[in-house]
Amino acid sequence: MGAANIHTIGDLMRQGALLHVTCRSCGHDARFEARDFVAFVGAGRSLDRLPLVCSDCGSKDVTATADRDTLLEQRHRPARPTPV
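Residues in the sequence shown are numbered from 1320 upward in steps of one, following my numbering.
Wrong hints could be hidden among the right ones.
Estimated spans, in silico, between C-beta atoms of each pair [said to hold, decoys possible]:
no.	residue 1	residue 2	range
1	G1377	N1324	17 to 27 Å
2	R1333	C1376	27 to 37 Å
3	R1368	D1348	16 to 26 Å
4	E1352	H1326	16 to 26 Å
With a Cα cut of at most 25 Å, we get these calculated DMTMM-like pairs of lysine to aspartate or glutamate [unchecked claim]:
no.	residue 1	residue 2
5	K1379	D1348
6	K1379	E1392
7	K1379	D1330
8	K1379	E1352
9	K1379	D1355
No wet-lab data here; the hints were simulated from the structure.
Glycine included, each C-beta is placed from N, C-alpha and C at the ideal position.
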């Protein structure tokens, strides 16, 4: 499953990546564990339909995407340990 196939918070959780949220009003950004949102809204909720509010300015005009750094980190992690 590639980054283009991450549509729901459940997809993001299965990839092991963080949720990256950015406020369009003030620029504040934060990262969250996807599993925390799955427990609250369910695995099928699309990233653009998450109930998010900026903790700095109170705006609901935010974007939610897969955190690129943690997504790439998970992709480059070996599937199983290499024997020594």
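Violated hints - listed by number, lowest first
1 and 6
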